[in-house]
Amino acid sequence: MAAKTQDSWGSRIGVILAVAGSAVGLGNFIRFPGQAAQFGGGAFMIAYAISFLIIGLPIGWAEWTMGRYAGQRGYNSAAGVFHCLVPWRGSKYVGVLGAIIPLVIFMYYVVIEAWALGYTARFVRAMFDPTLQFAKIEDSQAFYASFVGSAADGAAMRMDLDALLPWLVIVFVLNLVLIYRGISAGIEKVCRIGMPVLMVLAVIVLVRVLTLGTPDPAKPDWNVSTGLGYMWNPGKTLVVDADGRTLSEVVDPDPARQFQRAHTLAAETRGARVEQRGVLAQLADPNLWLTAAGQIFFSLSVGFGVILVYASYMKPKDDVVLSGLAASSTNEFCEVALGGLITLPAGVAFLGIAGVAGQGTFGLGFNVLPMVFSAMPLGSLFGAMFFLVLFIAAITSSLSMLQPGIALLEEALGIGRRGSVALLGTVTALGTGFICWCTKDLKALDTLDFWVGTFLIFILATVQIILFGWAFGIDRGWEELHRGAAIRVPGFFRPILKYVCPAFLLTIFGMWLLKNVVGWDPASGKAAPSPYVADLFEHRNPVAWMSIALVVTVAVGLAVMIASSKRYPDDLA
Amino acid sequence: MQPSGLFIMLVSVGTVTVLFAWCIWKVLTQPAVEMDHLHAADLHTPDMDEP
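Sequence order for the protein chains is A and B.
Going by the working numbering, the first sequence opens with residue 78, and the numbers climb by one from there.
Going by the working numbering, the second sequence opens with residue 15, and the numbers climb by one from there.
Wrong hints could be hidden among the right ones.
What the hints assert, rightly or not - No more than 27 angstroms apart at the CA atoms, straight line, and that leaves these computed lysine-lysine pairs for DSS-like:
| hint | chain 1 | residue 1 | chain 2 | residue 2 |
| --- | --- | --- | --- | --- |
| 1 | A | K266 | B | K40 |
| 2 | A | K643 | A | K392 |
| 3 | B | K40 | A | K394 |
| 4 | A | K520 | B | K40 |
Claimed, not checked - Here are a few chain A residues that sit away from chain B, every Cβ distance over 12 angstroms (derived from the structure):
| hint | residue |
| --- | --- |
| 5 | F121 |
| 6 | M122 |
| 7 | F220 |
| 8 | V246 |
| 9 | P292 |
| 10 | L305 |
| 11 | M308 |
| 12 | A319 |
| 13 | P330 |
| 14 | G401 |
| 15 | S405 |
| 16 | L418 |
| 17 | P422 |
| 18 | A431 |
| 19 | G440 |
| 20 | W528 |
Unchecked claim - For each label pair, taking beta carbons as the anchor points, the in silico distance ranges come out as:
| hint | chain 1 | residue 1 | chain 2 | residue 2 | range |
| --- | --- | --- | --- | --- | --- |
| 21 | B | L24 | A | P619 | 46 to 56 angstroms |
| 22 | B | Q44 | A | A219 | 27 to 37 angstroms |
| 23 | B | V32 | A | L583 | 25 to 35 angstroms |
| 24 | B | Q44 | A | T346 | 56 to 66 angstroms |
For the record, the hints were derived by calculation from the structure and aren't laboratory data.
All values derive from a computational prediction rather than experimental measurement.
The C-beta atom is built at its ideal place from N, Cα and C for all residues, glycine as well.
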């Protein structure tokens, strides 16, 4: 058995805020609203709530339980947890996914975190120099392209306040310093301060957005109410072309007028027609379920390996049921009640539905919103506050991504915090440097986010829930889950943990593979190679291949390290 | 925004807000856990050698 480390959480609320901080990220404020509006608004929320109950909460509870169980037996890394739970010599190699995923995600996540910090600084500077505000959307688009260096590889490598590099250096060093301070004095302290600050700032921005009304009387349709309707209305009135592709969406408080306006719009475009989609019609779309389940899955940070590691530092009788529920509900509050009410109403009030529809996560967050904040009264102040919220959300997440690697290095190599931080800092600096250089079309970042930040997470989450329900055993797992529990989990979650969650997850994963790897569209039934597969095998893009090589190198390195470590004897069982 | 959208928004936002508030209240009102478990000081790890 491995020796226990001295690190542990200082308080119950500390570990909850740390897990919530890991889960609350940029996606809560800019990915969720865009996805919800695109895939059915109110109808999306039905699939989202079901996914929360079927996969979000169960996988989270499974991770908390397995992590605490292995932590009591001296294992803190995901590889150690798997080794402890499954008496099979290959289990530790499967568990190493729990270090690869957060490590590689950290490499590109700090880049996005640096964007948030850079934008915060830009809005702070704009308070004193109004010429730095964005007058129109083209200005913010041009600034974004220049800042992130999407025009050419190496374009972001400038020591300039309006470029990525200086902010990336600050963010990277800050992460290493904080993680060096350890679980209690580093991660927990940052989250105990950061999460309440994040929520207070987000509520202030929310109040500002909800009181915007109709900023431009000449454009009465561009208002907060329309933005909220775009986000939350369960039925959609769309203008579509002859192939069924959406050209625009019409939102009006009066359904009859909404229909009439849509007809007027359709009449202006050759071949266009009006399509009304009710709740049931939207729920029949597999893409809606796939997107809702994916959003729950990634938003709650289940399947990363982070919760496993965090829970391993808990004490034997520490509650995990209420803690898991509290961390998940904190994430949901930030996502639904804050992110769901800020981003789209603000965007629609200044740019209309056409200005925000189909913008994507980065487009919405770093093109639309900067221009929106520039246009509103006291916009520089509120813009700085909003991007500070994004930065805090990002740093509490990126810190959590380092800990699984630290835990593995300390456990497998028997080295201390200083050595593990130095080693991990070197590896991640090389990876982040590669991503920071290869910024053309954000190819490296995008490739890694797809294959590691999505594909591998699906695999690890599926393995984890099967491990909990079947290998560890649902009876043992249920008993372990309730050890020291402050509240009891309702009995219907037992079959969900064993049967429904794995089946739902495998179905979603299968559909995801068909859609995003094979390129099959479940709505039309047509198939075409996905851009990520085409990058590798059709275009043979060198950056895409180097990104894959980076992941393989990290995986091989960690696997060799585990194989040579005496902490994971084959005769453990 | 239509009444159906307003209803879904109020239910969604209300549910997550009440759940979040209840969880935090429940966590903060739980009795403190005794600190007698890890006995970490009895175990030697490389961290202990660091200054």
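**Message:** The output says A431 (chain A) does not contact chain B. Does that hold with a beta carbon cutoff of 12 angstroms?
**Reply:** At roughly 18 angstroms from the nearest Cβ of chain B, A431 (chain A) sits farther out than 12 angstroms, so the non-interface label holds.
**Request:** Please confirm whether M308 (chain A) is truly not at the interface, meaning its C-beta sits more than 12 angstroms away from all C-beta atoms of chain B.
**Result:** With a cut-off of 12 angstroms, M308 (chain A) comes too close to chain B, as the shortest Cβ separation is near 8 angstroms.
**Item:** 27 angstroms limit on alpha-carbon distance, applied to hinted pair K40 (chain B) and K394 (chain A)
**Value:** 17 angstroms, holds
**Request:** Hey, is L418 (chain A) genuinely clear of chain B, shortest beta carbon separation above 12 angstroms?
**Result:** Its Cβ does come within 12 angstroms of chain B, the nearest being 7 angstroms, so this is violated.
**Beyond 12 angstroms from each Cβ of chain B, as asserted for A319 (chain A)** = 28 angstroms, holds
**Request:** Confirm or reject the statement that P330 (chain A) sits farther than 12 angstroms, beta carbon to beta carbon, from all of chain B.
**Result:** Per Cβ check, P330 (chain A) is inside 12 angstroms of chain B; nearest 6 angstroms; violated.
**Item:** Cβ separation check - S405 (chain A) to all of chain B, threshold 12 angstroms
**Value:** 9 angstroms, violated
**Message:** Next pair to validate is K643 (chain A) with K392 (chain A); report whether the Cα-Cα distance is within 27 angstroms.
**Reply:** With a Cα-Cα distance of about 25 angstroms, the restraint between K643 (chain A) and K392 (chain A) holds, given a limit of 27 angstroms.
**Request:** Evaluate the given range 27 to 37 angstroms for the C-beta pair formed by Q44 (chain B) and A219 (chain A).
**Result:** Distance hint for Q44 (chain B), A219 (chain A) is violated at roughly 52 angstroms.
**Message:** I want to verify a distance hint. Is the separation of the beta carbons of V32 (chain B) and L583 (chain A) within 25 to 35 angstroms?
**Reply:** 33 angstroms Cβ-Cβ, so the 25 to 35 angstroms window holds.
**Consistency of the no-contact label for F220 (chain A), given chain B and a CB cut of 12 angstroms** = Holds: least Cβ distance 32 angstroms, greater than 12 angstroms.
**Asked** Would the least Cβ to Cβ distance between W528 (chain A) and chain B come out above 12 angstroms?
**Response** 32 angstroms, holds
Of the hints listed earlier, those the structure fails to meet are numbers 4, 5, 6, 10, 11, 13, 14, 15, 16, 17, 22, in rising order.
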